Amino acid sequence: MKLVCITKPVPDGVSSDQEPQVPIRDTPAARLHPDDASAIGFALEIKRHRPETQVDVLILTEKPATALAEDIARVGANRVILIKNTLYQGSDSLTEARIIARALEARAYDCILAGSQTVEGGAACLPPQLAELLEINHLPFIRSVEEAAFSATGAVVETEDGAFVRRYAVDFPAILGLSERSGYRLPYPRLKEQRRDVSERIVALDNRDLKFAPEEVGAAAASSRTVTLHAANRQDRAPEIVDADAMGVERVHGFLKQRGIL
Amino acid sequence: MRRVLVIAEQAEARVTPDLLEAARCFAGDAPCESFALVASGDAAALSGWLDTVVSVPAPGTGVEAIPALVRSVAALHREFGFACILMPGSQWGSMLAPRLAARIEAALIPEVREITRSEQSVRFLRRVSRNGDLAVIETVEGAPAVVTLQPRVFSSSGKPDRTTRFLDREGQGAGNSGIRLLRKTENTEQDIRDADVLVSAGAGVGRRIDELKPLADALGGQVSASRSLVNQGIAPRRIQVGQSGKTVAPRLYMAMGIHGASQHVAALAGAETIICVNTNAKAPLCSLADMVVVGDAVAFAQDLLRKIKEEQENATD
Ligand SMILES: Cc1cc2nc3c(=O)[nH]c(=O)nc-3n(C[C@H](O)[C@H](O)[C@H](O)COP(=O)(O)OP(=O)(O)OC[C@H]3O[C@@H](n4cnc5c(N)ncnc54)[C@H](O)[C@@H]3O)c2cc1C
Ligand SMILES: Nc1ncnc2c1ncn2[C@@H]1O[C@H](COP(=O)(O)O)[C@@H](O)[C@H]1O
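Protein sequences appear in the order of chains A and B. Residues 20 to 281 (the working numbering) are what the first sequence spells out, left to right. Residues 108 to 424 (the working numbering) are what the second sequence spells out, left to right.
If we strip away everything but chain A, and leave its shape as in the complex, we get (with noise of 0.2 Å):
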């Protein structure tokens, strides 16, 4: 069985509710994307039960990674992917599908894990994107797999919103989308993993490899911009300060109409 997992480093220091699932090294680029970690801890465990499944993880940054593709190849990963060149930077999430679907092109693989979320909260928009790109399908929000039913054709999965939790089967390949709260983590390495020579298992792919013209990736082929932005300082702000009486009551019950909250 083959997997691929897609993961993005974070910039250390974005908040998460866990601890930070990569011993973290003096890199700046140091920390794995909470999902993306529980997508690889998942990978790692159907590996720990097969030892015949390949599991790959595909990195697309401009940051410094080698110290954390190190760091994931020795806690068991069969090969990391790092994708690099300076003319993907400022590329859109449709753009980085791109390169990552042209950098799959080459390779196998019943199954792509993902991350569910971006770091912002909001809902990730390269796997569905790559899974259009592949034509294959793409399931987001996954809190629990079925690991004895897992297998290079398919798999049995939930997934939850706010309301309701839906299991599904789905055929592969797929995207699966994994939430951090399926529980999965990313294992430490042991010690005497610890300074095992893994170079040989990363792989540095580049536009020489990939081939794109200039004008398809990076800014230029971005298809909006930013105009301004507006960083929010709640410090700033001075407070409406009422009383609770019926006149305070009055005030809170129209500020929440007119957010739009009632």
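None of these hints come from the bench; they were simulated from the model. As the structure is a computational prediction, the values presented were derived from the model and not from experiment. Errors might be hidden in some of the hints.
Unchecked claim - In silico negatives: residues of chain A with every beta carbon more than 10 Å from chain B:
1) A125
2) D129
3) G202
4) A263
5) V271
Claimed, not checked - Subject to a maximum C-alpha distance of 30 Å in a straight line, what follows is the list of computed DSSO-like cross-link-like pairs (lysine-lysine):
6) B/K320 - A/K276
7) B/K353 - A/K82
8) A/K276 - B/K266
9) A/K66 - A/K21
10) B/K389 - B/K353
11) B/K416 - A/K27
12) A/K276 - B/K414
13) A/K230 - A/K21
14) B/K416 - A/K276
15) B/K353 - B/K320
16) A/K276 - A/K211
17) B/K353 - A/K276
18) B/K389 - A/K276
Just so it is clear, CB atoms sit at the ideal spot from N, CA and C, and this is done for glycine as well.
Mind docking chain B with the ligands on chain A? Use the hints.
Just chain B with the ligands now, kept in the frame of chain A:
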């Protein structure tokens, strides 16, 4: 003429007023032809609200039907050339929109909360970080926009005053989509990280935390707590907000008798609006609030709930 398309959540089978309002904002004062795609549901109910309503047969209403729906919308886009396609920011919409944008090579603009049209351009306002930073986005010349809406920020002001034409198009559905829903059950383990509204209890509420539940229900939200109540064994740890609890990002956070220790505040950066109810207007959390109510938290919660109920009853009379 410019054209805008709205796509309703298939499982709900109706075009919600916020989609219509967003379409109106997109049109501005310029001439614009509005379309709705109805894949399951009642096309006739939209009479008067839009210029054109297109019905297509769909192989289902859930995620299993999304790839087929994407093909149907793409075919419609080839026929009419939409400048903007709007859908709800639900889980379903957030799965449909990126696939559609990839298919028709459109700009994807998620979780939009405001659309403004000027003579030269149209601009989309969206939240881009957990801290509430906002960005104004424009599409590049000629690129259509595929937009999801932040829930409940557009409220309708229009009237059903149009002459609607109804069209039928063939579905682009495949038989077996490769995803089968086996079971659907209510999610009983609600997670405070999913909540739109949190009514959060601190030491100032104490054992009366259960008395906040009716207000949380009325606001469509959940009850959460500070660590003080978790430590005292009054609240379960899964509803604790804070550095050693959960990071939350609700649209409204009502801090009821919560002081605002740094370990609590650390998990609130994503809260859009904060209302503090505290006997002490100088509690640190109050300085981060949009509104501070000075007084007893539980009593205020009950008064506010009574007001909400009264208004609802008046509205249905
Ligand atoms: C390592 C570490 C991690 C921590 N992690 C967390 C965490 O994850 N989450 C967390 O919450 N805390 C955390 N804390 C604890 C934190 O420092 C505070 O002790 C805790 O948040 C206090 O909770 P509180 O505001 O509810 O209580 P208090 O500090 O006792 O504040 C009670 C507030 O209620 C007001 N009040 C009193 N009576 C009323 C009334 N009748 N009506 C209205 N208001 C009233 C008071 O004016 C006061 O502001 C952590 C601490 C440490 C050291
Ligand atoms: N640069 C990237 N390299 C590899 N995977 C990515 C990348 N960007 C996004 N992903 C995948 O898409 C998911 C959501 O990312 P995003 O939409 O960028 O927040 C992540 O959890 C990853 O699985």
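Hints the structure fails to honour: 4, 5, 11 and 16
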